[in-house]
Amino acid sequence: MHKRFLAVFAYIGAALSLIVAACTPFVLLGAFSQAVARTGIHVDAVYTGGTISRTVMRDGYQVDIYRPVQPHALQNVQPFVQIAFRPADSLPLRFSDEIDLDGDGRPDVRIRLVVPKDRNARPTGEVFALNDAYRSFRLPGSDRGFSELIAQSNGALLVRVPINSQLASR
Amino acid sequence: MASAAIPHPKRRPPPFRSVTRSALLTLPIALWALLMFTPTLRSPGLNQHIGAFATIAFMTALFFLMMRTGKTYRWRRWFFVALGFLFPVGFIASLIHLRGSMSISLEHMLGGDTPFCHMVIPMIIIPAALTRTVIFPGSILPTASNPHSIAVMIALWLAFTLVLGKAWCSYACFFGGIEEGFAALPKHIKIRKLDPRLRLVPWALLIVVAVLSAALFEPFYCRWLCPFKTVTEFPTVTSVQTAIQMAIFVSLFIGLVVVLPFLTKKRTQCGFFCPFGAFQSLFNKINLFEIRFDRTKCVDCTLCQTACPTMALSAQSIREGKTLLNCMKCGACVDSCKKHAAVWHLKGTPVAVKPERARLLFLYGAWALATMLGGSILANSLATIIGFLPLR
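Which chain is which? The protein sequence lines are G and W, in order.
In this text, residue positions in the first sequence follow the working numbering: the first is 4, and each later residue adds one.
In this text, residue positions in the second sequence follow the working numbering: the first is 193, and each later residue adds one.
These aren't lab readings, by the way, just hints derived from the structure by calculation.
If you're wondering where the values come from, they're calculated on a predicted model, not measured in any experiment.
Check each hint, because a few of them may be wrong.
Unchecked claim - Derived list of chain W stretches under chain G, where covered just means 3 residues or more per stretch with a C-beta under 8 Å from a C-beta of chain G: (1) 300-310; (2) 337-351; (3) 403-414; (4) 560-571.
Backbone N, C-alpha and C define an ideal beta-carbon position, used for all residues, glycine too.
Build the full structure now, drawing on both the sequences and the hints.
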């Protein structure tokens, strides 16, 4: 009797798995993806740059200043702050800007950028730290991966400024 | 004068089922395939239509042959090898179309344009559970520049895993077909003796990769060990480190995916290296379908052991009438067994009582999902290839 029940349950399970297979492309795929997205998981801030803290409007473009990103313990990335100049198409070919990164009303870095006409080419430039909290760098010339870069992505020109002190918090 | 003995012509075994019965059993799959490709057939594009029709015919014909001959592995292999060799074509073409290059640059990573692949799943679990963070430079939901998003791939994997368990590795993994193709090439096995402890390597690698990925907060396997970067996408070589990474990817690909499968007729990357395969083995515990051995018929000829592409059988396991945990339900052992001792089985039912019923229940789910995922890859790749042909 027990074996018979087990067999009935097995066939019910097999039928259910067929139903799952049949529903996957129409219902389950969308539902599962939405459920995964609803869990609140997000891509690591080392790749996305984190969340925007403030937006400053300039003549013809805007500057999004992100919250500082503090990498995890053994992650091979230095802490950084991301700045996005957008839209990249509206940026002058050469420009310089002073940015207040921590919101204290005083500029923290001076950024000079050369935006190539070919939007697939890499932009170049220099970041001058105006205080000890941030580090200066020049590109091309130094390459520290995700924490020190000037790049074009998704219609914006991204600059990541490495942080010297541990003032950053996730 | 003694007459010379006339050799008996080699007789083909009688078909497993009649044509009519096989066709009737194939009908649901034919309709399913048509349904899957209806959106493609409704949209404009001759190449896409040809690709879709060819795939519908291919998948339906293979299922019909499975029904007609009673063999699973033999026909599944055609699909799987086609998937393995055509996937890179369509994938590389879409990469070049979307971003102009097969290599992935820093800009693409920042933009979330890295397609997510199932191999990453075991590496993201611990960091996602602890910090809700995905340590992969993709996007959670699909975007115009990255349709292969993290949520969609996880959802696909989840559905397949619920239905098939580790059979993901023989019906869905678009990488496994490449080595299965190379393993199918030689007539005879060149290296016969393989240390059974090699089966433990994927488990060890799974632990190492999961722990290192969680500690370093990066997908360690993708960064350093994935052989399939060679035929999909790879980091732009800009430094000594990326050059070393590329050298590792290419060496592993040539060794584990081309040379060793050719010499051993085994899926060496899947059986002796792939940490995702080890992870997927765990889901065989909750999956209803399995391969079992009818001990009353088994003569311990070890033909099944030789046929198994991932060494998922041992003398001990056969004596116990079971496969090992890493069985991917490809059906090679069942096809090779001359005594019909190796059988498909639905857990909870008596062994070898109605094995064909268990096989049918498994195959309908497996082939439906294979048509959905693998079929769409085949159709897309065929359309890409047709687009390259100088037909006009």
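In rising order, the numbers of the hints this structure does not comply with: none
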